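Construct the entire structure; sequences and hints are all you get.
Heads up: the sequence lines are chains A and B, in that order.
Using my numbering, the first residue of the first sequence is number 1, and each one after it goes up by one.
Using my numbering, the first residue of the second sequence is number 1, and each one after it goes up by one.
Derived by calculation from the structure, the hints in this document are not laboratory data.
Please note that a few of the clues may not be correct.
Claimed, not checked - To be clear about the criterion: a stretch of chain A counts as covered by chain B if any three or more of its residues have a C-beta under 8 angstroms from a C-beta of chain B, and this derived list gives those stretches:
id	stretch
1	17-26
2	104-117
To be verified - Below are the DSS-like pairs computed for lysine-lysine, each with C-alpha atoms no more than 30 angstroms apart in a straight line:
id	chain 1	residue 1	chain 2	residue 2
3	B	K319	B	K239
4	A	K154	A	K47
5	A	K138	B	K165
6	B	K319	B	K331
7	A	K47	B	K165
8	B	K179	A	K36
9	A	K47	B	K179
10	B	K331	B	K271
11	B	K166	A	K47
12	B	K165	A	K36
13	B	K165	A	K62
14	A	K30	B	K165
15	A	K7	B	K166
16	A	K62	B	K166
17	B	K131	B	K434
18	A	K7	B	K165
19	A	K7	A	K30
20	B	K166	A	K36
21	B	K166	A	K30
22	B	K131	A	K138
23	B	K131	A	K62
24	A	K47	A	K138
Being a predicted model, the structure only gives us computed values, none of them experimental.
Where is the CB? At the ideal position from N, CA and C, for every residue including glycine.
Each chain is listed here by its residues.
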Amino acid sequence: MSSSAPKILIYGMGNPHRGDDGIGPYCVEKILSLAKATNFPYALEGKAIFHLSIDELETAAKYSQVVLFDASMDINLINFSCSLVQPSACQQFTTHLLMPEEFLYSLLQLFNARPTMHLISIRGYYWEMSNTLSQQAKTNADSAIAFFFSSLIKSMN
Amino acid sequence: MGQKITIDPVTRVEGHGKVTLYVNNDGGIEQARFHIVEFRGFERFVQGRPFWEMPVLVQRLCGICPVSHHLAAAKAVDVIVGAGSGDELTPTAEKMRRLMHYGQIFQSHALHFFYLASPDLLFGIDADPAKRNVLYLAQENRDLAYRAILMRKFGQEIILATAGKKIHGTGAIPGGINKHLTIEERDRFLHGNPPFNIDNMIQWSLDTLEFFHQYEQKHRDFLLTYVNFPSNYLSLVRKDGAMDLYHGVLRAVDAEGQKILPDVDYHEYYKYIEEEVRSWSYMKFPYLKMLGQERGWYTVGPLARINTADFIDTPLAQKELELFRSFHGGKPCNHVMHTHWARLIEILHAAEKIKLLLEDPDLLSGELVREGNRQFEGVGLLEAPRGTLFHHYKINEYDQIVQANLIVSTTNNNQAMNNAVLQVAQRVFKGQKKVTEGMTNAIEVAIRAYNPCLSCATHALGQMPIDIEFVDVPR
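Put into structure tokens, the structure is as follows:
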């Protein structure tokens, strides 16, 4: 692996006990498993979290690429979308959690780190107490995982 | 005609509370009430559960200080399994639990001082609310915010290594602990790459105290006059009078430093402490029985511990305690804003303790669990970041919980926080016709000094704001 090879951190955000909110943790688990099985060529770490917080900044600062997998309630979303996150100092009333834009801004501000950050939003449908994903959410998540390996990784080189 | 002003939301407290101020016709504040409006009821719904679940179950009442509940419940359950009354575990078990606990104290105090309290101190009580948070702190003082994040992370990593998880861990089990510290874990904390090692954390703790001293010199009048009143103080102390945040005997002193509860066995706390219920709050009002409801209320937490302990058994924190005592003429400190100073002394003490524990080979090997004759009742106390925490369980012959009583740190501070709210409100609102955001934040500053954890104190799901309500008192 060359020194310029991307160091990738993936975050799966959500509560795996609230139905399709567990899409993010599901993606992380599956991606790490697939990467291990296929001798993934780059440094890849993954973590399931409920949401982004200040406490994660120090970890994320060590990576050149950060990819966020999160469930979406957007009814206009067909299955998933991928967007490039831009830093922003916009502030909410709480500092218990950070939006992706604020997270990236804080990385720059505090750790002088500027990883490339993508947000993959995956459509979910069912949000009640459950440890399993709905079938459609799982299909959407698998499509997003395939996109991660086939397209997003290539764009990181 | 009633007037109601609500601030929603207000951040930087844990849980949901409400302040009601009763305003008379002259515009003065007649009465202030700090309500806790959420209800959890853990004491009731643990009934019927097996006692060994308590260390992992009851800590779910809080996501902020679960380690404290985990350990207090474990100490109570130790008694039930016959593993002793708090100081008879195996050396490995007790030291691993202490390491977990001091990691919690370190990260929790860092969270409070840097994230919650320092924006008020640095930017002013009436500064733009959008600036009174840790992200703006990062813009104004990058180094301070950077240290805040890493100090908190260090404590959390200690918790992870000892409890298995940063939140809602499983390390403490009935009669002991479920793992040793590995050599790799120990070496990472002792000798990790700077800044992530314990020597650096001690230095940063000292630097933070120096930061406070510089602030104190410039804002002495503010800190001394903002809110102060005589109080009793209660905490655990070691049998020889040293500060001990994990185990000891119960001691209370009055505002002049006279012992009013002379180092009693905490397993019999119910002989000395009573809880009063008031209709307007889900949080009870504990008091010392022998002094009664009017005079028996007390303060717990960092300021109380600094006021009750004879000394601190780590050299750097002891030196700072001597400075604190000298400043206050050898008497207990009744200045609530100096709780921040006391909290920083405890951060330093916790860091020193963590280093001593990491250097102890007992953490790496030795027996983990002890058992004995089954008992049907267990009490566990410790000094949580916010103050003395009580867990008390009774079981039946089927090992099921039949009675549980929790007196949470913030509950112990209930009357003191109400007094603080009243004092600040009477001064800040006097003669004011218009209520500003800065005025309401002034009340919260007094509450924040206690670092209340309101969700813990009522055993809650829901939003986090404090609502402040003003009510005209009819004549």
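Hint numbers contradicted by this structure: Checked against the structure, the hints that fail are numbers 1 and 22, while the rest are satisfied.
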